[in-house]
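Undergrad: Here are the chains, one letter per residue:
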Amino acid sequence: MADTIKGIDYALKNNIDTDQMIPADRLTWNPAKPDERLKLGSYAFDGLPDDFKKDHPFITLEERPGIADGTAKARYKVITAGKGFGCGSSREHAANALGAAGVEVVVAKGYARIFFENCVATGELLPATSREDISDKFETGDEVEVDLVNNRVYNLTKKTDYEIEPLGYVKPVVEAGGLFAFARKVGLIGDKPKE
Amino acid sequence: MSGRTITEKIIDGNTDWEKTKKLNGNGRVVNVDLLLTHDVCGPPTSGIFYQEFGRNARVWDPRKVVIIPDHYIFTKDATAARNIQVMRDFAKEQGITNFYDVETPRYRGVCHVALPEAGHVKPGQVIFGTDSHTCTHGALGTVSAGIGNTTGAYILGTGHALMNVPESIKFRLENLLPAYTSAKDVILKIIGEIGTDGADFKAMEFCGPAIERLGIEDRMTICNMAIEAGGNGIIAPDEKTLDYVRLRRSMSRSECSNLKKLIQELQSDPEAKYLKKFVWDASQIEPMAACPHSPGNVKRVRDLDVKLDSVYIGSCTGGKKKDFFDAAMVFYRYGKKASIPLLLVPATCEVVDFIQTEKIGGKTLYNIFEESGADMNSMGQPSCAACLGGPKDTYGRINDEPNHNRASTTNRNFPKRMGSGNVYLVSPFTAAASAIKGKLTDLRDL
Chain A
1 MADTIKGIDY ALKNNIDTDQ MIPADRLTWN PAKPDERLKL GSYAFDGLPD DFKKDHPFIT
61 LEERPGIADG TAKARYKVIT AGKGFGCGSS REHAANALGA AGVEVVVAKG YARIFFENCV
121 ATGELLPATS REDISDKFET GDEVEVDLVN NRVYNLTKKT DYEIEPLGYV KPVVEAGGLF
181 AFARKVGLIG DKPKE
Chain B
1001 MSGRTITEKI IDGNTDWEKT KKLNGNGRVV NVDLLLTHDV CGPPTSGIFY QEFGRNARVW
1061 DPRKVVIIPD HYIFTKDATA ARNIQVMRDF AKEQGITNFY DVETPRYRGV CHVALPEAGH
1121 VKPGQVIFGT DSHTCTHGAL GTVSAGIGNT TGAYILGTGH ALMNVPESIK FRLENLLPAY
1181 TSAKDVILKI IGEIGTDGAD FKAMEFCGPA IERLGIEDRM TICNMAIEAG GNGIIAPDEK
1241 TLDYVRLRRS MSRSECSNLK KLIQELQSDP EAKYLKKFVW DASQIEPMAA CPHSPGNVKR
1301 VRDLDVKLDS VYIGSCTGGK KKDFFDAAMV FYRYGKKASI PLLLVPATCE VVDFIQTEKI
1361 GGKTLYNIFE ESGADMNSMG QPSCAACLGG PKDTYGRIND EPNHNRASTT NRNFPKRMGS
1421 GNVYLVSPFT AAASAIKGKL TDLRDL
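In the order they appear, the protein sequences are chains A and B. The first sequence begins at 1 in the numbering used here and counts up one residue at a time. The second sequence begins at 1001 in the numbering used here and counts up one residue at a time.
Rather than coming from a laboratory, the hints here were simulated on the basis of the structure. Certain hints may be false.
To be verified - What follows is a list of derived Cβ distance ranges for each label pair:
(1) B/Lys1260 to A/Lys171: 41 to 49 Å
(2) A/Pro166 to B/Pro1270: 49 to 57 Å
(3) B/Gln1381 to A/Asp51: 28 to 36 Å
(4) A/Lys185 to B/Gln1085: 34 to 42 Å
(5) A/Asp51 to B/Lys1392: 43 to 51 Å
(6) A/Lys171 to B/Ile1360: 43 to 51 Å
As the list claims (entries may be wrong) - Pulled from the structure, derived: some chain B residues nowhere near chain A, Cβ distances all over 12 Å:
(7) Leu1247
(8) Lys1299
(9) Leu1446
Beta carbons: idealized from backbone N, C-alpha and C, even for Gly.
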């Protein structure tokens, strides 16, 4: 686990459900296959409302040529959001899509359980929780630094900073890099077989 | 060990205390009774299972794995067909006999209705499924929750889930529901009150006379949508639960009497701790609708003036036998036809049989719907269909009509959830009344 993550922010508000992160017509792709996981990444946030997407494309026009082969990546490493982030469908494809698109950390006021667990179990991205709702203090394009040692998020563009909650009970899993790595570390399962 | 909720009792009973020590206080290692998966999340789950446990790995107990293809069944999409084949191969390799394959007499339809119908669910179990609506099975007194593919793969290999014991919120419904309302109105009302994140990470325990009066399918409707408030639903098992399970599960005499005893124990203790307690008067509940684009945007149907383009009855929430019975009752009782397209997608084959054989006033439900002008084209094709949009050729999907207004008995109305359009989540009563009037309609105003 990195001590700090620095990158450009994609700013969202409350109740972003997993259908908006990756719509159901893309769920035929199997994220356990590396090439199909990347394709999911190319369509990350494709389910956001059209008027929002027009003004705030997650994958911009310059990046779009890579959509078909899954090489399109977003320039956003950070997402900020309000409460209820990842509500709805259990599709782990949503966490996979965000991770494959290049997102490393979300800072939200609250998460739906399954999405939160999926982020932690896959190690695709870190779900950080802000102490206050900070979603209106950030704009898409802001440069942001998340400091996981001192539990703060810095908006470097606006020169403000806010508190984030300590990781709590999921910290050992996050530090291990995911559910399987954690289970191996604590001796619940054996080593990964070499093939 | 006094003062526990049903949820705490079930999880305590399934906890592997020895293995739990390895977690150093960060949760529990819990034995899983059933793992459910389907055609969308099954392939990544089995894929991760093989990647992590090795190509020759075996699932922990093939009898406890249930695979029910239901999401993308009646589509020409080649990748969807490939995914069903992946599940077919996996079931064969692993000796999983609880596989309800497409285009065979074993096919059932929507997993959350099929799982209890096929007798897999019984009170006291811990059930995980790679689908958020796995919480449906809390209606039969189980701890049930949706999980992701990685967690599913871990369970496949170990039979264990690493979890925390959730705090419970109690929802007590005093008195009885009025005749023009149903279970759907209850859960919509609750989600509207507490919000879509109101029970995040929590167990929602439903109780009181109005809940006790409901049949198992109506209880399933309530627990099914607990996830729309972020929680998992649970209802204490009773005689109705026992009857439902006994009909569907071949049990020895001793298993049956053990289950009877268990049901008496699976009640929350009076001194159990709750995060919050809500008490509502069920007799005051009115027909409700969740307006676009959130299941938490709940209003009284009477306060809405919305012209509709279509009505959809289906899904694990609103496509069960009781749901079609409720809808048919409206057409029968009022003798009126639908004035706009009415799309019917039974959840399972058992629901299809029911529609074809169950009668109201000498007419089968099938005849009643046919005479009401409903579209009968998907009657023989139980599946998730357009509830979650799906591939472009999915029956009932709203394709590129952003202004299309639909009333639906399903569970979610997120942006573009059913393809496009504006979806209003309602009860089967309200759906039928609205199909007749062509606008959102409270049954009392028909």
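Undergrad: State for each hint whether it applies.
TA: A quick look at each hint next to the structure:
no., hint, verdict
1, B/Lys1260 to A/Lys171: 41 to 49 Å, "44 Å, holds"
2, A/Pro166 to B/Pro1270: 49 to 57 Å, "36 Å, violated"
3, B/Gln1381 to A/Asp51: 28 to 36 Å, "35 Å, holds"
4, A/Lys185 to B/Gln1085: 34 to 42 Å, "36 Å, holds"
5, A/Asp51 to B/Lys1392: 43 to 51 Å, "22 Å, violated"
6, A/Lys171 to B/Ile1360: 43 to 51 Å, "58 Å, violated"
7, Leu1247, "29 Å, holds"
8, Lys1299, "17 Å, holds"
9, Leu1446, "32 Å, holds"
In terms of the numbered hints stated before, the structure departs from hints 2, 5 and 6, listed from lowest to highest.
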